[in-house]
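Given the structure of chain A, go ahead and fit chain B onto it with the hints provided.
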Amino acid sequence: GESVGLHLPTLSVQEGDNSIINCAYSNSASDYFIWYKQESGKGPQFIIDIRSNMDKRQGQRVTVLLNKTVKHLSLQIAATQPGDSAVYFCAENTNVEYGNKLVFGAGTILRVKS
Amino acid sequence: ETGVTQSPTHLIKTRGQQVTLRCSSQSGHNTVSWYQQALGQGPQFIFQYYREEENGRGNFPPRFSGLQFPNYSSELNVNALELDDSALYLCASSTYRGYISGLAGVPSHNEQFFGPGTRLTVL
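Same order as they appear, the protein sequences are chains A and B.
Going by our numbering, the first sequence opens with residue 1, and the numbers climb by one from there.
Going by our numbering, the second sequence opens with residue 1, and the numbers climb by one from there.
Here chain A stands alone, though its shape is the one from the complex:
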């Protein structure tokens, strides 16, 4: 499948610190990328997106960086809070005839220590 591994990497950070979550994508033709947050028992929740003609986009407390040369995405969370604890996925957008499908990365567990 397109997701890899049964054991997700884990990032542990102290409350108030900044977090950086990384993701490698596979399709150099992908033109749109999204970061999702998934809490236990819930579906993925949209955080921020970026188009391939940009290399940086900022939201509220979050920044996404895109490096197309090495097919790499990162999500930066400023002043991480306990409520940020979740699994984070990057997703590439691929177009289908009348819409689009998402290809998800394997995910990273973020644990915030108080």
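For the record, the hints were derived by calculation from the structure and aren't laboratory data.
Just to be clear, a hint being listed does not mean it is correct.
[What the hints assert, rightly or not] Under 7 Å between C-beta atoms, here's a sample of chain A residues computed to sit facing chain B:
| # | residue |
| --- | --- |
| 1 | ALA78 |
| 2 | PRO82 |
| 3 | PHE89 |
| 4 | VAL96 |
Since we're looking at a predicted model, the values are computed, not measured.
Backbone N, C-alpha and C fix where the C-beta goes; we use that ideal spot for every residue, glycine too.
Okay, now just chain B, sitting in the frame of chain A:
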């Protein structure tokens, strides 16, 4: 909350049985996508429905099938269940708006809103 609902929340079936999962899309959304999320992995695209027809399919066998109804709600059916079908099944709704005006050949990117999922366990 996204406004996308799924039922049932949890389901236990035995190998060889058939299952139907249901999804109601967010108001105003005309497209429904289904994803399978195995434990510890990212969601994998099963298929998408638009105008009551399948519109794109991932690497899943024909025993995974679906329907979309005139009110845009959708069903996912899985026949001849296997142990490996145990997973969280996610439904996402979105709106296909066609191509971006003024940009020939550039489809709009339609944000997908996910429901809470149905946890299927096959014994």
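- Task: Hint by hint, work out which the structure violates, then give me just those numbers in ascending order.
- Result: 1, 2
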